[in-house]
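As you go down the protein sequences, you meet chains H and R in turn.
Going by this note's numbering, the first sequence opens with residue 1, and the numbers climb by one from there.
Going by this note's numbering, the second sequence opens with residue 213, and the numbers climb by one from there.
Keep in mind that the hints were calculated from the coordinates and are not lab data.
Quick caveat, the model's predicted, so the values are computed rather than measured.
Don't take every hint at face value.
Just so you have them, the derived chain R footprint on chain H, three or more residues with Cβ under 8 Å [stated by the list, open to error]:
no., segment
1, 39 to 49
2, 63 to 72
3, 132 to 145
4, 155 to 164
Below 27 Å or equal to it, Euclidean Cα-Cα: the simulated DSSO-like pairs (lysine-lysine) are [stated by the list, open to error]:
no., chain 1, residue 1, chain 2, residue 2
5, H, 12, R, 272
6, R, 224, H, 210
7, R, 272, R, 262
8, R, 350, H, 138
9, H, 12, R, 262
10, R, 350, H, 210
11, H, 12, H, 61
12, R, 333, R, 350
13, R, 224, H, 12
14, R, 262, H, 50
15, H, 50, R, 224
16, R, 422, H, 210
By construction, the Cβ of each residue, glycine as well, lies at the ideal position given by its N, Cα and C atoms.
Number of protein chains: 2
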Amino acid sequence: MKTPNISEVVVKRLPIYLRFLADLESKNVLTVSSQDLGLRLNLNPAQIRKDLACFGEFGKKGIGYDVPFLIQNIRHILNLHRRMPIVLIGAGNLGRALCNYNMYFQEQMNICALFDVMPDKVGQNINQLEVMPMDMLKEIVTRDNVQIGIIAVPAGEAQNVANHLVDAGVKGILNFAPSILRVPSAIRVHYADFTTELQSLAFYISEAEKEG
Amino acid sequence: MKTPNISEVVVKRLPIYLRFLADLESKNVLTVSSQDLGLRLNLNPAQIRKDLACFGEFGKKGIGYDVPFLIQNIRHILNLHRRMPIVLIGAGNLGRALCNYNMYFQEQMNICALFDVMPDKVGQNINQLEVMPMDMLKEIVTRDNVQIGIIAVPAGEAQNVANHLVDAGVKGILNFAPSILRVPSAIRVHYADFTTELQSLAFYISEAEKEG
Chain H
1 MKTPNISEVV
11 VKRLPIYLRF
21 LADLESKNVL
31 TVSSQDLGLR
41 LNLNPAQIRK
51 DLACFGEFGK
61 KGIGYDVPFL
71 IQNIRHILNL
81 HRRMPIVLIG
91 AGNLGRALCN
101 YNMYFQEQMN
111 ICALFDVMPD
121 KVGQNINQLE
131 VMPMDMLKEI
141 VTRDNVQIGI
151 IAVPAGEAQN
161 VANHLVDAGV
171 KGILNFAPSI
181 LRVPSAIRVH
191 YADFTTELQS
201 LAFYISEAEK
211 EG
Chain R
213 MKTPNISEVV
223 VKRLPIYLRF
233 LADLESKNVL
243 TVSSQDLGLR
253 LNLNPAQIRK
263 DLACFGEFGK
273 KGIGYDVPFL
283 IQNIRHILNL
293 HRRMPIVLIG
303 AGNLGRALCN
313 YNMYFQEQMN
323 ICALFDVMPD
333 KVGQNINQLE
343 VMPMDMLKEI
353 VTRDNVQIGI
363 IAVPAGEAQN
373 VANHLVDAGV
383 KGILNFAPSI
393 LRVPSAIRVH
403 YADFTTELQS
413 LAFYISEAEK
423 EG
């Protein structure tokens, strides 16, 4: 069943809730209030209650949310129970950093293969992944039913790599390169753009100074 | 003057508009419609018009937005005309990647100093920045009036580094480590968490499959 009518901002907040809840669970915290969630995540508690109410009744008045139950439900909503292997293109510093983070990814969602356009990178071993040449991309994507490609190459190469990924059959792209991609409308592109976070952070710091 | 009452989601979309508009400007595109912005950014055109209307009348009916004018205004709203130097803690793969991206940052907002907790990293030169020891952090933050610190260290070290940054006097932290930080309420923390983007991307791919 298709999940009805959830706004993109809510979908993007669910993983943030999930991370925080997982942190609580690892510390054996079993209930949490929307106030505490809001305080720790810089979000309005009423907004959090509204977000979670899109999917069902998870909270109990005066008690808060049951942490393991909420984790289980958010994972279900996000389809995280489903295996979703990822290919990563780019074995430079960023690609290496992403491979090192691989263990933090959800069990069902991690980087299964690594590629680079530069012949001198091919064959290198990075965190148990061997760098493969681009002409093997389509074969691997088909064989492992890969849905997502991560682009971690310089801006000038990103569109070319995106074309390869689309041709290989991925359905979504996470682009770390500071460039806007043109892809067919059926392909979803998300931008992992830390200048966005930096600029909004700068905005809030400036506003706080004006205030006080 | 404090900017009145803008929701966090709008503040976080402004840098995304800005990046796309800068891309258009670099291609000498001088006007753009909310439809075209929406199509390229996976956003609802009505939402874009509403976002931008928070700050003033930027669009002309039937013509669209004047690209250079809108860039100038968004930069002004985000206070990007103001100099905002950044310190980066962590000279590993991710830190190196961030230093290499430094040239893509806005002129007024870039990494001015790089630190690491490991003595063997100190003194190394990465993209024209020399890795400094942590005990120089406070001096540099004070000298250069640094407001923002970026954390690019392993999860287990992140809280310790955050404590150092707060003690040194930064007002905001961008945390790349997959861990939740505890800081005083006056300090703003943003999380640069690509698992968030990956999980929301996976959600949309699964939903599209259910649909089609």
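Practice problem: Would you list, in rising numerical order, the hints stated earlier that this structure does not obey? | Solution: Of the numbered hints given earlier, those the structure breaks are 2, 3, 4, 5, 8 and 16, listed in rising order.
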